[in-house]
Amino acid sequence: MPTKKGRTPETSEAPEEVSAVSGNGKEESAKVKTNEPLLHLIVFKLGAEFYGIKIEQVKEVTVTPTITRMPRTPDFVKGVANIRGDIIAIMDLEERFGIRPDTSTSTNNSSYTLVIEAREYSIGVVVKEVPQSLNLTVSKMDKTPSFLQDIAVQENYIEGIAKVDNRLIIVLDMYKILSGDEIKQLSN
Numbered sequence: 001m002p003t004k005k006g007r008t009p010e011t012s013e014a015p016e017e018v019s020a021v022s023g024n025g026k027e028e029s030a031k032v033k034t035n036e037p038l039l040h041l042i043v044f045k046l047g048a049e050f051y052g053i054k055i056e057q058v059k060e061v062t063v064t065p066t067i068t069r070m071p072r073t074p075d076f077v078k079g080v081a082n083i084r085g086d087i088i089a090i091m092d093l094e095e096r097f098g099i100r101p102d103t104s105t106s107t108n109n110s111s112y113t114l115v116i117e118a119r120e121y122s123i124g125v126v127v128k129e130v131p132q133s134l135n136l137t138v139s140k141m142d143k144t145p146s147f148l149q150d151i152a153v154q155e156n157y158i159e160g161i162a163k164v165d166n167r168l169i170i171v172l173d174m175y176k177i178l179s180g181d182e183i184k185q186l187s188n
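Sequential numbering from 1 applies to the sequence shown in UniProt numbering.
Simulated from the structure, these hints should not be mistaken for laboratory data.
Any given hint could be a false lead.
As the list claims (entries may be wrong) - In silico BS3-like links for lysine-lysine, alpha-carbon gap of 25 Å or less:
no. : residue 1 : residue 2
1   : K176      : K59
2   : K45       : K59
3   : K45       : K78
4   : K78       : K128
5   : K45       : K184
6   : K54       : K176
7   : K78       : K54
Quick caveat: nothing in here was measured; it's all calculated off a predicted structure.
Based on the sequences and whatever the hints tell you, model everything.
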């Protein structure tokens, strides 16, 4: 099959839609002609900064149900909750990372839970604002700077930093967010 110069037969000539969440929280779409793979993220705020998790690591997003506090759990584990018949641990990433909550935004009583399902465990991550969906090309994400990766092996949960408009989004690998001991504790 003849191809245009610089193109392979398996690439598409149709433009792909790339959407991004703007600074005011609205989703913007632009037609971009690209053959580059897309990265689909769920974006949320911790403190005043934006964080993202790859969509394939998030099983569902739901309004946070009632949380029952459990004894002898780390401070960042808020307790357990019943989500669609499954009892899962609920984690506060602001507390886990030592991030001060952002008091400049209006406080709203409801929060949302991102349900993360790994092979050994399921965990819920509490966020205070509605998470947004974001599609961007892989080239918009830089690898984590080496000085951040060398801190400790168990802290290599930062997968990269995405650049969207004038913002940076820290992309987390939720499968590396807990240590082996914490996973054993959750599994029990």
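Point to revise | Violations among the numbered hints, reported as their numbers in ascending order | key: 5
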